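Given chain V's structure and the hints, the job is docking chain L onto it.
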Amino acid sequence: MPARTDRGNGMSRTHVRTLVEALATAPPERPFVTMWEDEDDVHTLTFGEFTRFACLQAEQLRAHGLGSQDTVVLVMQQGFPLLATFAGAMLLGAVPAILAYPNFKTDPAKYSTGLSGVLANLKAPIVVVQDESTETLLIDHLPRTSGTRIVRSAVLSSGRPPMPDIPPDPDRIAFIQHSAGTTGLQKGVALSHAAVLTQLDHLVAALRITESDSIYSWLPLYHDMGLIACFMLPLAYHLPVVMQSPTNWVAQPGTMLQLLSERRCTLAWVPNFALQFLSRRVRPEDRARFDLSALRALVNCSEPVRAQSIDEFVKTYESCGLRSDAVKSSFAMAENVFAVTQSDVDGTPRRVYVNRQQLLQNRVAVPVAPDAIGSACLVSSGRCLAGQQVRIIDAVGRSLPDGEVGEIAIHTDCLFDGYYGRPDLTAQVLHDGWYWTGDLGLYMDGELYVIGRSKDLIIVAGKNIHPQDVEHIVCQHPAIHDGRAVAFGVHNPDLGTEDIIVAAEVENENQLADRVQIERALRDAIVAELDVAVRSIFLKPPRWIVKSTAGKAARSTTRQKLLDEHPELRRDQPIA
Amino acid sequence: MSDQTQQMIDYIKSDVIRRPDIQIDENTPLVSSGLIDSLALVDILMKLEDVTNKRISAGKVQPKDMDTVGLMFATAAKVGKPRK
Chain V
1 MPARTDRGNG MSRTHVRTLV EALATAPPER PFVTMWEDED DVHTLTFGEF TRFACLQAEQ
61 LRAHGLGSQD TVVLVMQQGF PLLATFAGAM LLGAVPAILA YPNFKTDPAK YSTGLSGVLA
121 NLKAPIVVVQ DESTETLLID HLPRTSGTRI VRSAVLSSGR PPMPDIPPDP DRIAFIQHSA
181 GTTGLQKGVA LSHAAVLTQL DHLVAALRIT ESDSIYSWLP LYHDMGLIAC FMLPLAYHLP
241 VVMQSPTNWV AQPGTMLQLL SERRCTLAWV PNFALQFLSR RVRPEDRARF DLSALRALVN
301 CSEPVRAQSI DEFVKTYESC GLRSDAVKSS FAMAENVFAV TQSDVDGTPR RVYVNRQQLL
361 QNRVAVPVAP DAIGSACLVS SGRCLAGQQV RIIDAVGRSL PDGEVGEIAI HTDCLFDGYY
421 GRPDLTAQVL HDGWYWTGDL GLYMDGELYV IGRSKDLIIV AGKNIHPQDV EHIVCQHPAI
481 HDGRAVAFGV HNPDLGTEDI IVAAEVENEN QLADRVQIER ALRDAIVAEL DVAVRSIFLK
541 PPRWIVKSTA GKAARSTTRQ KLLDEHPELR RDQPIA
Chain L
1 MSDQTQQMID YIKSDVIRRP DIQIDENTPL VSSGLIDSLA LVDILMKLED VTNKRISAGK
61 VQPKDMDTVG LMFATAAKVG KPRK
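Keeping their order, the protein sequence lines are chains V and L. To convert, note that position 375 of the first sequence is 375 in our numbering; the numbers rise steadily by one, no gaps. To convert, note that position 80 of the second sequence is 80 in our numbering; the numbers rise steadily by one, no gaps.
Okay, chain V solo, but in the shape it has when bound (with noise of 0.2 Å):
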C-alpha cells in the first residue's frame, strides 16, 4: 500500500491507512485532547494517555459482547469517556455513532421512541452511556421490544489492555454519523477509514494546516463539524485540540475567546450564528483581555454565511489582534464526510453584489455596485477542494451555467455509499455518482456561493430542523386540525440564523379562546422533541392554511399569506 503524501501546501500524514493506525502512530507524549469546564477544572490526555484510555474502552466493549463490524450507539455527554469510547469501538473494528445527550428539556419517552427507530435501523446491540441517570432514562422508557443492551462506558483506571489486534482495512466503515433530523428520522451516513482520510488530507492541504496549529472547539461530537474538523482532524495528524462542552460555551460564550486567548489555538469552526453571538454576548469590558492574534482561521460553516455577522464580528474584535482575515467560510455536509469547498487561506471570502430582483425573481446573479439600489452582497463558499466537483442543477438534473441558481450537486472521491440502511432515502438523493444537496447555489468565477435551502429546511443556531417533524408534533395536539399545521424559519438578524414560526388552523374556531393554553401545550411538546425553542405559534380558525391541489398544507404560500399578515415577521429577510 503506498503512503499518502499531502496534495496541498499542508503537512504530510505517513504511512497510515485507518483512523486506527493513525491514533496508533501519534507520539504519545504529545497533548491531544483538553478539556476546559471551568478554571479549576481543565484537563489535558496526551495522544498515549488518550490511546490507554481507548483501548480500556475497547476492553469493557468486548466484555460486554461488542464484536467487529457491530455499530454501537454512544449517548454520553460531551468529555474525554464519549471521545476514548468513540476511538475504543473503532480500535475493535466496531462502528460507533454519536447521538445527542437528552438534556433537562428533553421527554424521556419520546427520546427513547426516537432512540429506539435509531437502534433498529443501525442494528446496534449496545448503547454506552457513562451516568446512572441516563441508563435509568433509556431502561425506563426503551421500549421492551428494541432487544438492545444499555451498558456503561468503562473509568479510567491504572490499566494497560494491549491496542485490538484488528487488520487494518481502509475501506472498513469507521463510524456513522447522522444527518438532520429528529432522533427518530435521522439519516445515517457510514463512512470509510479511506472516505474520512481523504476528505482530512483534502481539508489539511486547503487551509495548509501544519504540526504548530492547534484547535479550538465547542462543537457538539454529533455534528460533523465537531466529530471531524475538531476531532478526527486532530486524531489523525496529532494536533492538540481544546474544547469545551455547547452547554458550556453557550452559557459563558467570552470563555471562547479567552480559550483561543491563552491556549493559541489557531484553528476554530463555527456556525455563521456564533460570531454574532460573540459580537453582542460578550461583555466589552472583557475585551481587553482577549488577545486573538493566533487565530488564522475561523471557518463559517453549516450555516449560509453572512457578510453582516462576519463584519461584526471583525470590527468588534480587531482591538483584540484579530486579523482582518481570519474569518473564512466552507461548504460542507455529512454526506462528504466535511467540506467541499474552502475559501481561500490567505484571504477574506470573496463576495459579490448583484441585483436582488433579478435573483429572486429569474434566479440569476446579475453584478451591480454595491451601493447600487436593490443590490445584495453574496459570500462565498469557496473553491472545490481537491478531489471534489459542483455542479449547480436545474430540477432534472441539467447543469447549469455560471452565475445561475439551481441546486447544487456533488461527485467527489469522499462522497457516502448511502444513508445506512435506508436504501429508499439514499435513491432520493444519489443520482449516477452525484450527490443532489438540496441546497441553493451557484457558480462564479470558480467559487460557490450558497443561497439557501430548496428543502425547506430550517437552520436554527447550527442545527437542522425539518419542518415536517415540527408540523407532525402540531398537529398531535386535539385542538389542531390534523395536516393544517405549517413551520417555516424567518432570518433573525440579532442572530444572525433563523427562527421557527408556526401557524397551525384549529379544529373549531371557539378554540381560539384557548390559544393561551394550546400554544403552550405546542411550546412544551415541540422543546422536549427536537430541543428547540418555536419564536412565534400563530393560531388560525379552519379553511385559513392554503391548501395544494393534493390538499395538503402548501408550506410556502402559506408562509407568504403569514407574512403578508404580519409584516413585523419580516425583519431584513436576506436573499431567499
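For the record, the hints were derived by calculation from the structure and aren't laboratory data. Note that the structure is a prediction, hence the values are computed from the model and not measured. Cβ atoms here follow ideal geometry from the backbone N, Cα and C, with glycine treated the same way. Incorrect hints may have been included.
Stated by the list, open to error - Partial selection, computed: residues in chain L whose CB lies under 10 Å from chain V: (1) Ser2; (2) Arg19; (3) Ser38; (4) Ser57; (5) Ala58; (6) Gln62.
As the list claims (entries may be wrong) - Okay, derived cross-link-like pairs now, DSS-like style, lysine-lysine, Cα gap no bigger than 25 Å in a straight line: (7) Lys54/L with Lys81/L; (8) Lys463/V with Lys110/V; (9) Lys78/L with Lys110/V; (10) Lys110/V with Lys123/V; (11) Lys540/V with Lys13/L; (12) Lys78/L with Lys64/L; (13) Lys54/L with Lys64/L; (14) Lys60/L with Lys78/L; (15) Lys64/L with Lys463/V.
For chain L alone, coordinates are given in the frame of chain V:
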C-alpha cells in the same frame, strides 16, 4: 413578589420573549416549556448579575438551574459572589 423578581420578569417579557402581555410568574418554566431558547440564557444571566449585584460564574450554572425566575434567584444566591 419582590422588586427584584418583578424586575427579572418584566425584562424577560419585554426583552427576551418580546411579548409584554404574556403571563409569567416566578414558577413559570421558561426553557423547558419552549418559551425561551438556551441562547437567551446568556442575556438573562447578565441581567441577573445586574439585578442581584453579584458576579455569577456561568460555568457553574446549568440551564436547568435557570428554568424559572425563582430558580434564577436561588442560583444567584448559591453561586453568586458580591461584585467588587
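Numbers of unmet hints, in rising order: 1 and 9
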